[in-house]
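Asker: Taken in sequence, the protein lines are chains A and B.
In terms of the numbering used here, the first sequence opens at residue 1 and continues consecutively.
In terms of the numbering used here, the second sequence opens at residue 433 and continues consecutively.
Treat the hints as calculated values from the structure; they're not laboratory data.
A portion of the hints provided could be inaccurate.
[What the hints assert, rightly or not] Pairs of lysine to any residue residues, derived as SDA-like cross-links and limited to a Cα-Cα distance of at most 25 Å, are as follows:
hint, chain 1, residue 1, chain 2, residue 2
1, A, 322, B, 445
2, B, 613, A, 189
3, A, 268, B, 477
4, A, 322, B, 510
5, A, 322, B, 509
6, B, 659, A, 189
7, A, 322, B, 553
8, B, 528, A, 72
9, B, 477, B, 529
10, B, 637, A, 271
11, A, 268, B, 627
12, A, 322, B, 671
13, A, 238, B, 633
14, A, 397, B, 525
15, A, 156, B, 661
16, A, 397, B, 554
17, A, 391, B, 553
18, A, 397, B, 522
19, A, 81, A, 272
20, B, 613, A, 272
21, A, 322, B, 489
22, A, 322, B, 477
23, A, 238, B, 661
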Amino acid sequence: MKNFLIKNIRIIEPETNTDIVSDILVQNGIITLIESNITPPEQVSVIDLSDKWLLPGLVDIHVHLREPGEEYKETIESGVKCAASGGFVAIACMPNTKPVNDSSSITRFIIDKSKNFKGAKVYPVAAITKSQKGEELTEFGDIKDAGAVAFSDDGKWLSDPFMMRSALEYARVLNALIISHAEDSRICPGGVMNEGETATILGLRAIPNATEDMAVFRDVCIAELTGARLHIAHISTKGSVDIIRNAKKKGINVTCEVAPHHFSLTEKNCLGYNTNAKMNPPLRTEQDRMAIIEGMKDGTIDAVATDHAPHSVLEKNLEFEKASNGIIGLPTAVALFLNLIREYSFSPSDMAKLMSKNPAKIINIPIRLIKKGEKANFTIIDPELEWEVTKENILSKSFNTPFLGKTLKGKALMTVVDGFLVYDYLNLSANS
Amino acid sequence: MQNPSFKHLLGIEHLSCEEIELILQTTDSMKEITQRSIKKVPTLKGKTVINLFFEPSTRTKLSFEIAAKRLSADTIGFSSATSSLSKGENLLDTVKNCEAMLPDVIVIRHPCSGASHFVSQHINCSVINAGDGINQHPTQALLDIFTIKERINDLKGIKIAIIGDIKHSRVAHSDIMLFTKMGANVFVSGPGFLMNPFISVLGAKICDKIEDAICDADVIILLRIQKERFGNGVIPSEREYAMLYGINMNRIKSAKENVIVMHPGPVNWGVELSPDIMDYNNNIILDQVTNGVALRMALLYILSNQGERE
Ligand SMILES: [Zn+2]
Chain A
1 MKNFLIKNIR IIEPETNTDI VSDILVQNGI ITLIESNITP PEQVSVIDLS
51 DKWLLPGLVD IHVHLREPGE EYKETIESGV KCAASGGFVA IACMPNTKPV
101 NDSSSITRFI IDKSKNFKGA KVYPVAAITK SQKGEELTEF GDIKDAGAVA
151 FSDDGKWLSD PFMMRSALEY ARVLNALIIS HAEDSRICPG GVMNEGETAT
201 ILGLRAIPNA TEDMAVFRDV CIAELTGARL HIAHISTKGS VDIIRNAKKK
251 GINVTCEVAP HHFSLTEKNC LGYNTNAKMN PPLRTEQDRM AIIEGMKDGT
301 IDAVATDHAP HSVLEKNLEF EKASNGIIGL PTAVALFLNL IREYSFSPSD
351 MAKLMSKNPA KIINIPIRLI KKGEKANFTI IDPELEWEVT KENILSKSFN
401 TPFLGKTLKG KALMTVVDGF LVYDYLNLSA NS
Chain B
433 MQNPSFKHLL GIEHLSCEEI ELILQTTDSM KEITQRSIKK VPTLKGKTVI
483 NLFFEPSTRT KLSFEIAAKR LSADTIGFSS ATSSLSKGEN LLDTVKNCEA
533 MLPDVIVIRH PCSGASHFVS QHINCSVINA GDGINQHPTQ ALLDIFTIKE
583 RINDLKGIKI AIIGDIKHSR VAHSDIMLFT KMGANVFVSG PGFLMNPFIS
633 VLGAKICDKI EDAICDADVI ILLRIQKERF GNGVIPSERE YAMLYGINMN
683 RIKSAKENVI VMHPGPVNWG VELSPDIMDY NNNIILDQVT NGVALRMALL
733 YILSNQGERE
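Here chain A stands alone, though its shape is the one from the complex:
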């Protein structure tokens, strides 16, 4: 379906300060008209979507596709489809596959393979160091030419400060982006959840906020020293928010993201040894959660990124200490951001900025614009739809989410990538 007319939809486009209820016409995949009461041309499907929202297509810059190597958890195919079902038109995938994406050939493999499937576009992130071992830098230039949008040893912190300095210096000249998973775990050997009362009740070794704070601080210092662009992944602590806020004030070239679970959940979700609440960085306290929401409000936090991390029962149905870190995030991100709109007076325009515009700018890919003459790249959201998170309606190959079985409010209904409808929850295109 490349020709369709959507009637009476709320269109949100922060780049042009647009927030209007209007009709929008797409012909041959191009937005040809945005105005009220458009008369449908011939051969065009008409869909009335009153009370629904149309946002620039969502972009998730922190996703773990498990291909190559762990295809039983997620494949590129299942990943891009799952992303589309969550409203995402583009995703950046982390390099901790097996083997690690530390070369132009693996980067090309991921991009080429992803083009076979109807779903979100894939932008690989390659490793900073070979095999993510922290010892030798990868070929930034060659890998960037192959299509990688950033470099990260995600899952591991590049703890050697000289390597980090070298990586940032190399990246600055090549205009490459370094993404840091900032946690210095040496301060808490064996830690598996946030340090605090809940860990004490559960008798689990814990991870204090300092683990992240001091890593973020060091990274920011090296970013200042080198003048390179630095992005901090999934911040979880009040301390990180403060450090990055100050760094931005000083003009340091740093951005950061937060995962929906860190603004939605707290350490208490681990009670009962719930391995679907085990992640890295861990779920923190209510105080940290509020500081993060504050940071999203004042622009300290630039983007929401899901850290979608599929794992099977083999990695999750285990003793808490042995279970793998991470949860899937693509299917639930929209609903969780809508909670912020309902409870903490964020606007739909904030959602468009944090989940589409800013992430695209961070990894330097084209922003998705709702404008006459642009390719249709948008996400249609029903902010009121209540839906149960079930294995049936999760398109990932894995179901490791603390929201499984829960009812969430708000969902992506349609996702359009370059004029193609890649996700259609209500099968509206068929009925019209």
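Knowing the structure of chain A, use the given hints to seat chain B with the ligand on it.
Answerer: Frame of chain A, contents of chain B with the ligand only:
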């Protein structure tokens, strides 16, 4: 005897005061049996208890085995001598296989906190936590309270000091929860790096100075320094540990007269306890061991009969 509502013994937090009372009363009856010349009764004939020890253990495993045998239950089990053996193992798989052999009770010791809790969610027979990582050791706490009550009947308002590695001690965690539940005031002290600043959530008060914990105490419980849980290089020397946190006859003078001294064992004599405590008449460390058997008999009895009713 009334029926308890618990099917497993995973941690102290799941026990009501009535259930604790029931366990202690039953332990009393069992202790009477253990004092007979013929220490065996047919009560659990035909019942099967499997002991799964994924961590080296001598005393606790022995205690559970003797307890089961004295009640005529069939008891079998294994203990992995090295932790490397348990590493590659899928716990749930192992336990499900055991369950398929239809035991009545499975006793588990495991290096991971929450392991017995995790297992109990996936199997139908009763599970007893015989120690899970740094989390809990509920049978130790129950035998501790039984042993204290032989000397001090009412725990309300008494002062109990627990000294040592509070951070990594599953005994301390279970003790604190149980003692505070019974109305005692629990004070903890130990080296800073072995203290958990959040321990008050379980009901204990932290004393930076050991003197504050010991002063006027009715009971002092020492804990073993478990180097295997935090690695070498943190404790400067056993000599200094003994100087700062060791208990000797001189140090207990500030406690109540006849203060009870306890230890879950095994004791490092000369470190947490000075040898002069060996002959102290209120050193009841061996009573703890004796009562441990009676307490475990009581639990096996209660939980095996539990299965019967279903
Ligand atoms: Zn990460």
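Asker: Next, verify each hint and record whether it holds.
Answerer: Verification of the hints:
1. Simply put, residue 322 of chain A and residue 445 of chain B have alpha-carbon atoms about 23 Å apart, close enough for the 25 Å limit, and the pair holds.
2. For the hint pairing residue 613 of chain B with residue 189 of chain A, the CA-to-CA distance comes to about 32 Å; that exceeds 25 Å, so the pair is violated.
3. For a cut-off of 25 Å, the pair hint linking residue 268 of chain A to residue 477 of chain B is broken: about 43 Å separates their Cα positions.
4. For the proposed pair residue 322 of chain A and residue 510 of chain B, the alpha carbon gap of about 22 Å is at most 25 Å, so the pair holds.
5. For a cut-off of 25 Å, the pair hint linking residue 322 of chain A to residue 509 of chain B stands: about 23 Å separates their Cα positions.
6. Only pairs whose Cα atoms come within 25 Å are accepted, and residue 659 of chain B paired with residue 189 of chain A is accepted, the gap being roughly 14 Å.
7. Distance check on the hinted pair: residue 322 of chain A and residue 553 of chain B sit about 17 Å apart at the alpha-carbon level, within 25 Å; holds.
8. About 24 Å separates the Cα atoms of residue 528 of chain B and residue 72 of chain A, which keeps this hinted pair within 25 Å; it holds.
9. Taken as a hint, the residue 477 of chain B and residue 529 of chain B pair is honoured in the structure, with Cα atoms around 23 Å apart against an allowance of 25 Å.
10. Taking the CA atoms of residue 637 of chain B and residue 271 of chain A, the gap is about 23 Å. The hint holds against a cut of 25 Å.
11. For the proposed pair residue 268 of chain A and residue 627 of chain B, the alpha carbon gap of about 22 Å is at most 25 Å, so the pair holds.
12. A distance of roughly 36 Å separates the Cα atoms of residue 322 of chain A and residue 671 of chain B; the hinted pair therefore is violated under the 25 Å criterion.
13. For the hint pairing residue 238 of chain A with residue 633 of chain B, the CA-to-CA distance comes to about 22 Å; that is within 25 Å, so the pair holds.
14. For the hint linking residue 397 of chain A to residue 525 of chain B, the alpha-carbon distance of about 23 Å falls within 25 Å, and the restraint holds.
15. Restraint check for residue 156 of chain A and residue 661 of chain B: the C-alpha separation of about 24 Å stays at or below 25 Å, so the hint holds.
16. Simply put, residue 397 of chain A and residue 554 of chain B have alpha-carbon atoms about 23 Å apart, close enough for the 25 Å limit, and the pair holds.
17. Between residue 391 of chain A and residue 553 of chain B the CA atoms are separated by roughly 21 Å; this keeps the pair inside 25 Å, and the hint holds.
18. Between residue 397 of chain A and residue 522 of chain B, the direct Cα distance comes to roughly 22 Å. Compliance with the 25 Å bound is thereby established for this hinted pair.
19. Proximity of residue 81 of chain A to residue 272 of chain A is assessed by CA-CA distance (about 32 Å); at most 25 Å being required, the pair is judged violated.
20. Taking the CA atoms of residue 613 of chain B and residue 272 of chain A, the gap is near 21 Å; set against the 25 Å cutoff, the hint holds.
21. Only pairs whose Cα atoms come within 25 Å are accepted, and residue 322 of chain A paired with residue 489 of chain B is accepted, the gap being roughly 22 Å.
22. A threshold of 25 Å between alpha carbons decides the hint, and for residue 322 of chain A with residue 477 of chain B the separation of about 37 Å lies outside it, so the pair is violated.
23. Note on residue 238 of chain A and residue 661 of chain B: the hinted pairing is violated, with a Cα-Cα distance of about 30 Å set against a maximum of 25 Å.
Violated hints, in rising order: 2, 3, 12, 19, 22, 23; the structure is consistent with all others.
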